[in-house]
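Please construct the entire structure, taking both the sequences and the accompanying hints into account.
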Amino acid sequence: MALRILVVDDEEDVELLFRQRFRKEVNDNKVNLHFANSGLSALDILKDVSHQDIIVILSDINMPGMTGLELLEKIKAQYPNKKVMMISAYGNEQYMNEAEQKGADDFFTKPVDFKLLKEKILSDI
Amino acid sequence: MKFDKIRILITLLSVFISINSIFSQDIATVDELNASASALIQTNGTESIAEVRRMVTKSLSMSIELNYSKGEIDAYNIMAETYELEGNPQIALKFRKRASKKQANPDAPSNVTIVKPKTIEDFAVSTIPNSAKSQAKAAQPKETQSIVSEEVQQPIETKKVVQSKSSVNKPIETTSGNTEKQIENKLTEIEEKQKLIEQLQQQSVNEESDSLAEIRQAEIAKLQAETEAAQSQIEALRKEKENNDLRLKQQQYLMGFLAVIVVLMLIFVFFVIRQIRAKNRANAELAKALEELKSTQEQLVQKEKLASLGQLTAGIAHEIQNPLNFVNNFADLSLELLQEIKESSDLEDIKAIADDLIQNLTKIYHHGKRADSIVKNMLQHSREQKGAKEPTDLNELLKEFSNLAYHGMRATNKDFNCKIVQSLDATIPKVSIVKQDLGRVFLNMFNNSFYSINKKIALNIDSYLPALEISTHAEGDKVKITIKDNGLGMSEEVKQKLFHPFFTTKPTGEGTGLGLSISHDIIVKLHNGEMQVESKEGEFAQFEITLPKQ
Numbered sequence: 594m595a596l597r598i599l600v601v602d603d604e605e606d607v608e609l610l611f612r613q614r615f616r617k618e619v620n621d622n623k624v625n626l627h628f629a630n631s632g633l634s635a636l637d638i639l640k641d642v643s644h645q646d647i648i649v650i651l652s653d654i655n656m657p658g659m660t661g662l663e664l665l666e667k668i669k670a671q672y673p674n675k676k677v678m679m680i681s682a683y684g685n686e687q688y689m690n691e692a693e694q695k696g697a698d699d700f701f702t703k704p705v706d707f708k709l710l711k712e713k714i715l716s717d718i
Numbered sequence: 009m010k011f012d013k014i015r016i017l018i019t020l021l022s023v024f025i026s027i028n029s030i031f032s033q034d035i036a037t038v039d040e041l042n043a044s045a046s047a048l049i050q051t052n053g054t055e056s057i058a059e060v061r062r063m064v065t066k067s068l069s070m071s072i073e074l075n076y077s078k079g080e081i082d083a084y085n086i087m088a089e090t091y092e093l094e095g096n097p098q099i100a101l102k103f104r105k106r107a108s109k110k111q112a113n114p115d116a117p118s119n120v121t122i123v124k125p126k127t128i129e130d131f132a133v134s135t136i137p138n139s140a141k142s143q144a145k146a147a148q149p150k151e152t153q154s155i156v157s158e159e160v161q162q163p164i165e166t167k168k169v170v171q172s173k174s175s176v177n178k179p180i181e182t183t184s185g186n187t188e189k190q191i192e193n194k195l196t197e198i199e200e201k202q203k204l205i206e207q208l209q210q211q212s213v214n215e216e217s218d219s220l221a222e223i224r225q226a227e228i229a230k231l232q233a234e235t236e237a238a239q240s241q242i243e244a245l246r247k248e249k250e251n252n253d254l255r256l257k258q259q260q261y262l263m264g265f266l267a268v269i270v271v272l273m274l275i276f277v278f279f280v281i282r283q284i285r286a287k288n289r290a291n292a293e294l295a296k297a298l299e300e301l302k303s304t305q306e307q308l309v310q311k312e313k314l315a316s317l318g319q320l321t322a323g324i325a326h327e328i329q330n331p332l333n334f335v336n337n338f339a340d341l342s343l344e345l346l347q348e349i350k351e352s353s354d355l356e357d358i359k360a361i362a363d364d365l366i367q368n369l370t371k372i373y374h375h376g377k378r379a380d381s382i383v384k385n386m387l388q389h390s391r392e393q394k395g396a397k398e399p400t401d402l403n404e405l406l407k408e409f410s411n412l413a414y415h416g417m418r419a420t421n422k423d424f425n426c427k428i429v430q431s432l433d434a435t436i437p438k439v440s441i442v443k444q445d446l447g448r449v450f451l452n453m454f455n456n457s458f459y460s461i462n463k464k465i466a467l468n469i470d471s472y473l474p475a476l477e478i479s480t481h482a483e484g485d486k487v488k489i490t491i492k493d494n495g496l497g498m499s500e501e502v503k504q505k506l507f508h509p510f511f512t513t514k515p516t517g518e519g520t521g522l523g524l525s526i527s528h529d530i531i532v533k534l535h536n537g538e539m540q541v542e543s544k545e546g547e548f549a550q551f552e553i554t555l556p557k558q
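Just so you know, the sequences run in chain order A and B. The first sequence begins at 594 in this note's numbering and counts up one residue at a time. The second sequence begins at 9 in this note's numbering and counts up one residue at a time.
Be a bit skeptical, because a hint or two may be false.
As the list claims (entries may be wrong) - As a list, the in silico DSBU-like pairs of lysine-lysine whose alpha-carbon atoms are at most 30 angstroms apart: (1) K708/A to K422/B; (2) K623/A to K492/B; (3) K667/A to K492/B; (4) K695/A to K422/B; (5) K557/B to K407/B; (6) K296/B to K533/B; (7) K464/B to K695/A; (8) K667/A to K695/A; (9) K422/B to K464/B.
To be verified - Non-contacting residues of chain B with respect to chain A, defined by C-beta distances greater than 10 angstroms in every case (computed): (10) L256; (11) A286; (12) E306; (13) E312; (14) D364; (15) V442; (16) K488.
Claimed, not checked - Which bits of chain B does chain A cover? Going by a derived footprint, with three or more residues having C-beta under 8 angstroms, they are: (17) 273 to 281; (18) 408 to 418; (19) 535 to 547.
For the record, the hints were derived by calculation from the structure and aren't laboratory data. If you're wondering where the values come from, they're calculated on a predicted model, not measured in any experiment. Glycine residues also receive a C-beta, built at the ideal position from the N, C-alpha and C atoms.
Next comes the structure, spelled out in structure tokens:
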């Protein structure tokens, strides 16, 4: 069964980037990718019955409206079993500590090292 | 006549009382005087006339007093002799007549009554002319007058003095001092005259001869007239003096007044000069201060630009970082894809990979451009020189700068978040504007909005959902841009001062107070637009920018 991942980022091109990066995994049906361009739409997707099996959420921190850290809190409150990994352009400790406190499972800084990301995601399964 | 009888009685009484002793002695004295006078005139002639006359007048007065007719007759005769000797037979004749008259009637009282003179000279002066005048009166008054003039020296001199004085006094340009002296002289003159008048009056009282009295009175009248003339002259002089004094005082006042005016004018001139100098100095200082102020203002404007730029540095870094990440990632992916093409033999596969490659390269190009644009905007923002107007897509500009502002805020305030609602009218035409200037305005608006929202977030209101609404729409020949945030809003007082330079609600050091002032200038002065604010304190703030399409 493919691992269903939800990627949350306000940048549209993130979807194309992820699809190409995980092209092999997607083709091999190891990974199933979903995308949301804001925290609110991410929560909407998670609410959807057909998406209950999304286990991993990859979220950017800097987004208009709801920030990645707020989304993290909400997901952890509603779905304690889901894994949330944070991605930020600002690799500062403050963000990292805050993400950790709020229950983030991992923290990546941009530019994302996809090799490392894949390893982490796939090894967890 | 009654008077005469009394006189006779007194004389007789005196004769009886002093019979031998004094009486005989006095008569002897008279005879002696007459004899020596006669002897003197015989020996010395004209030389001793004055002395002889003095002696004779003495004997005459004594004779009259003693009623000694012989002595009187002798005296007359000697007097006549002196005049004859002088070559004045007419007066001499008169004396002779008197002598013969006395001889004919020795008991008849004498016409001549003489006031006792203090000295013989005085006596001579006052007596002889009188007898002369009384004689002259009948015959030649004119001559008598001349004799009087000669004999009576004092009044004549006085008259002369008066005349000379008056002649001196005539010019008006006499000084006050001179006038005073003149008055003093006049006064002494008058005193002398009055003394003389008194003397004469006394004489006239005693005189029994009407003719002599008349002459005396005429003289008195003349003297009085002279005195009056002198007094009137004094009066005139006094008046003149008063006038002079008055004029002098007026002149003094005038001089004083003029001096005061001159002094005042000098002081005025001094102050004017000082003020002009002070003004010149002040002007130079002001010009310098203005120059400094201008340069300070320029520096402040530049500082404001740099301050907003500094605020954005993090946002800009983020904005550049993102496209760079895409460029790197898509380039990396493209390499992988090319590797796959090399290894693949399936044409369909290769074609699919080629499509991906095209897509990737397009993205690389797009994000490269995006980064380029951000860098260019950043440079434009900090540049000082004025940019040219060019047709610009306002929607794109708004998006770009709202992103910059948002990420700038995010970079510095981790708790910050805000929903950005964009309702941008895609049909609005490109508007000719100076991109960097309008970009600065938008950036300023967004920064302010986010600042206000962030402050409200800090209040921890549970139901608060931060939001920024950006909208554009065409309105006739104008384009309207509305930026509305639900931050803290502003009071009416703040609203009034909003566009004033250096007005800021931010703490010291955080805001220059020039952001909205410069923004207002850019919209109104540079682009002929309008800028309006609406707000409700604690609820919202809305800025409406209207720009003409052309």
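Right, here's what the structure says about each hint:
no.	hint	in the structure
1	K708/A to K422/B	holds (29 angstroms)
2	K623/A to K492/B	violated (46 angstroms)
3	K667/A to K492/B	holds (28 angstroms)
4	K695/A to K422/B	holds (14 angstroms)
5	K557/B to K407/B	holds (19 angstroms)
6	K296/B to K533/B	holds (28 angstroms)
7	K464/B to K695/A	holds (23 angstroms)
8	K667/A to K695/A	holds (10 angstroms)
9	K422/B to K464/B	holds (15 angstroms)
10	L256	holds (103 angstroms)
11	A286	holds (61 angstroms)
12	E306	holds (35 angstroms)
13	E312	holds (26 angstroms)
14	D364	violated (6 angstroms)
15	V442	holds (27 angstroms)
16	K488	holds (23 angstroms)
17	273 to 281	violated (count 0)
18	408 to 418	holds (count 3)
19	535 to 547	violated (count 0)
The structure fails to meet hints 2, 14, 17, 19 from the earlier list, while all remaining hints are met.
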